[in-house]
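Protein chains in written order, with numbering that gives the first Met the number 0: chain A, 0 to 100; chain B, 0 to 147; chain C, 0 to 359.
Incorrect hints may have been included.
Claimed, not checked - DSBU-like, lysine-lysine: derived pairs with alpha carbons at most 35 Å apart:
| # | chain 1 | residue 1 | chain 2 | residue 2 |
| --- | --- | --- | --- | --- |
| 1 | B | K104 | C | K119 |
| 2 | C | K81 | B | K122 |
| 3 | B | K35 | C | K331 |
| 4 | C | K81 | A | K96 |
Bear in mind the hints are in silico, worked out from the structure with no lab data behind them.
Note that this is a predicted model, so its numbers are computed, not measured.
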Amino acid sequence: MRIVNHPILDFPQQEMIQFTYNGKPVQGIAGESIAAALHAAGIKTLRHSSRQHRPRGLFCAIGNCSSCLMTVDGVPNVRVCVEPLRAGMVVEVQQGKGTIV
Amino acid sequence: MQTFPSQERLQKGPIAICECLQSIPCNPCADACPRKAITVKEINDCPVIAQDNCNGCGACMMHCPGLAIFVVDYTYSQEQVLLKIPYEFFPLPQVSASVNALNRKGECVGMAQVIRVQKSSNKTNVLWLAVPQELAMEVRAIRLQKEQ
Amino acid sequence: MIKTEVLVIGAGPAGLLAAASAAQAGAQVLLVERSERLGGQLIKQTHKFFGSRDEYAGERGIDIAARLIRENEQFTTITTWKNSTVAGIYPDGVVAISRNGSFYTVQPQKIIVATGASEKTMLFPNNDLPGIYGAGALQTLMNVYGVMPGRRILMVGAGNIGVIVAYQLLQAGVEVAGVVEAASQIGGYAVHAAKLARYGVPIYTSHTIKAAHGTECLEGVTIAKLDERWQPIAGADQYIAVDGLCLAVGLTPLTELCWQAGCEMRFVAELGGYVPLRNSSMKTSQPDLFLAGDVAGVEEASAAMVEGKIAGLSVVADLGYTGVERELEQAKKQLAALRAGPAGAKIRAGLSQIVIEEAG
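Turn these sequences into a full structure, and let the hints guide you.
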């Protein structure tokens, strides 16, 4: 959900672009972080941990903690909290450490 | 030393009430006052309002980062005091709306009527509220009534 | 190999002031910022700042950020690299920077590290569930991206960050279920707590998080009441249904580059963790490496700005630029005044453990 009327800040309406989350179409704003776009769409689970497959989401949202690693356009371990969203991105929930080779 | 305005002064017209009672490094209230009626001598001192100099204009209230200053006007009417509070939430209440009057603990202690909504360029808007006189030193916040 | 006089790492309030102060004296500055935006944590601060006019008191953090960035733009001797991460500081004084998929090497005469600090977390069962955030993360979602972080959130930590962010949550239209604080008193300013109390937000002092609950996401937390010995009191647990939990439990200085550069380090709890030893001019044990802001010890934005000024002026003095001594002394006095009151007691206690006195 997006904030429309904030007492201090202005959030003008912006053009939405399309991308996918595990194949599902999602909309977001070009240039915002992928994590913010997912969060706005109500999606909080970003990956599953290596051994116990525990759901993981955002923690620091600024690129320090490694909680938000997802596979984007086939590239694993992308910190989606600092990665800018582009139209057509294929974003997938990463299982564990992802596939590098 | 924190002093409270005298009864005599309250009956003369609007005055700022400063509820900043902890020693923290802060003094924009003193810089904001056009009459130098509020002083913070050393930066960690609590502000002191000179009651005979303060005319209740509310500039300090709008600049206080802690939203700890309020303005009261006991001359508003026989039964009511005009209370001005800083307000940084949306939606803003409508003028002449009746709102829940909350005390410092967030408890509803009565109703207030919105007399004016003063929008500020620094986004610390000011609500002018008519409250029963006995609540003037209790009410420090409002809650909009739910739509019927 | 890029040569420069002063390399400033991090463009938050400390780094921006450091770069401006050095450039004002005439030095050539390369300012490097890993994010796509300058301003550090200031860009999320919607509240009005404390301090005095010199620290822009009464102005909102977001406006101070815009102002500092504008002021930096007027200096032609500051080169600013965004989206650029300093990857290492090597023993030969060369700094490697990752930018646009390439590596750049820079040989600065002086370095100012202004990399800030990162969020601490807390140990409790299910502390890794989606829906549990550091305070900065909530600010990033709400104030940078305009995204609602949740419907009902419980705040942990009643230091200034906790009570300020709780209020920002209210402004974003989020219900704040309460503020939980393990100590018997809140650590943040009383005026911040008052703003929450008057809008009905309960503050649970002597309480802590016992566990978080939920399957895919957070659904609720159990809080426990603590006795005078910080032990949970049996039978006094409470379950609070929330879809968000905010941990505002402190920050740790981001000092990796300082370790790598060989600075002498010490663990100081009052400053947030390991910090480099340094003198009152912000110089570390490495004579060409200076610090400013939270990386030197977790404090406030106002202190970060003044430390940035001190570091910037100190490096240009070291480089031989004259005429900065008076301003430098004034900045040090300004910083001391900010820290002089009871609110500065913790910082003063921390600094007393790591400030190297000048020799001679």
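Notebook entry, point to check: When you check the alpha-carbon spacing of C/K81 and B/K122, does it fall within 35 Å?
Noted result: It holds: about 30 Å lies between the C-alpha atoms, which stays within 35 Å.
Check: Given the proposed pairing of B/K35 with C/K331, does the C-alpha separation stay at or below 35 Å?
Finding: holds (28 Å)
Check: Are C/K81 and A/K96 close enough, with their CA atoms no more than 35 Å apart?
Finding: holds (29 Å)
Notebook entry, point to check: Is the hinted pair B/K104 and C/K119 satisfied, with a Cα-Cα distance of at most 35 Å?
Noted result: OK: B/K104 and C/K119 at ~30 Å, within 35 Å.
No hint from the list above goes unmet by this structure.
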